[in-house]
Amino acid sequence: MMPEPVITPAGTLPAGIQLRLAQPADELLFPTCFPHRDPRQLREEFRRSLQPRAASRRVRLVAVDSANQPVGSGQLLRYPSSAEIADLGVAPAWRNQGIGSALVLTLTEFARLAGYSFVEIGVVVSNRPALALYQRLGFAWDREITRPGKEPAIILCKIFTPD
Numbered sequence: 000m001m002p003e004p005v006i007t008p009a010g011t012l013p014a015g016i017q018l019r020l021a022q023p024a025d026e027l028l029f030p031t032c033f034p035h036r037d038p039r040q041l042r043e044e045f046r047r048s049l050q051p052r053a054a055s056r057r058v059r060l061v062a063v064d065s066a067n068q069p070v071g072s073g074q075l076l077r078y079p080s081s082a083e084i085a086d087l088g089v090a091p092a093w094r095n096q097g098i099g100s101a102l103v104l105t106l107t108e109f110a111r112l113a114g115y116s117f118v119e120i121g122v123v124v125s126n127r128p129a130l131a132l133y134q135r136l137g138f139a140w141d142r143e144i145t146r147p148g149k150e151p152a153i154i155l156c157k158i159f160t161p162d
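Take 0 as the starting number for the sequence shown in numbering that gives the first Met the number 0 and just add one per residue.
It is worth saying that the hints were derived from the structure and are not from the lab. Incorrect hints may have been included.
Derived Cβ-Cβ restraints for the label pairs, each shown as a range [as the list claims (entries may be wrong)]:
hint	residue 1	residue 2	range
1	Thr160	Ser65	32 to 40 angstroms
2	Ser65	Ile144	38 to 46 angstroms
3	Ser65	Pro161	38 to 46 angstroms
4	Gly15	Arg56	26 to 34 angstroms
5	Pro38	Arg94	18 to 26 angstroms
6	Ala131	Phe159	15 to 23 angstroms
The beta carbon of each residue, even a glycine, is placed where N, CA and C say it ideally should be.
Could you build all of it, start to finish, from the sequences and the hints given here?
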């Protein structure tokens with residue numbers, strides 16, 4: 000099997016970090032990026048996301064270190080009239096080093112190049128660092144949503160201007 004191509008992100012990454020498309024072999028390594036999630040559930044969601052039907056509606060990126068170990072991940076969900084950046088996570092040891100920014104900027108560019116007029120991203124209200132990051136990257140508050148038994152979330156939106 001040929002290695003996945005490296006994706007050059009919009010922004011800078013720490014030395015040795017690269018972005019690439021997710022591969023099935025990444026399945027066992029994802030708990031590093033999402034330590035607060037149940038590993039079994041995470042693996043099942045990851046497997047489903049790479050199935051052909053699901054993969055046609057999403058782009059899942061992985062940030063890997065020089066040993067090809069995932070240190071971050073995110074995906075772009077593509078709907079008929081909108082796109083959403085989801086499941087963004089960076090391993091705690093790698094936070095605040097530009098990996099989250101690179102993932103968001105690259106997924107945003109994928110949405111723009113696919114012809115969407117905007118892209119959305121959601122964050123729980125208490126995740127102030129992520130909220131600040133998304134606003135710094137040009138996302139603006141759109142709406143707040145409440146979900147039964149879960150913390151309220153904010154949906155932010157970035158509208159693309161014609162070139």
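To see whether the hints hold, each was checked on the structure:
no.	hint	in the structure
1	Thr160 x Ser65: 32 to 40 angstroms	37 angstroms, holds
2	Ser65 x Ile144: 38 to 46 angstroms	39 angstroms, holds
3	Ser65 x Pro161: 38 to 46 angstroms	40 angstroms, holds
4	Gly15 x Arg56: 26 to 34 angstroms	31 angstroms, holds
5	Pro38 x Arg94: 18 to 26 angstroms	20 angstroms, holds
6	Ala131 x Phe159: 15 to 23 angstroms	22 angstroms, holds
In summary, this structure violates none of the numbered hints.
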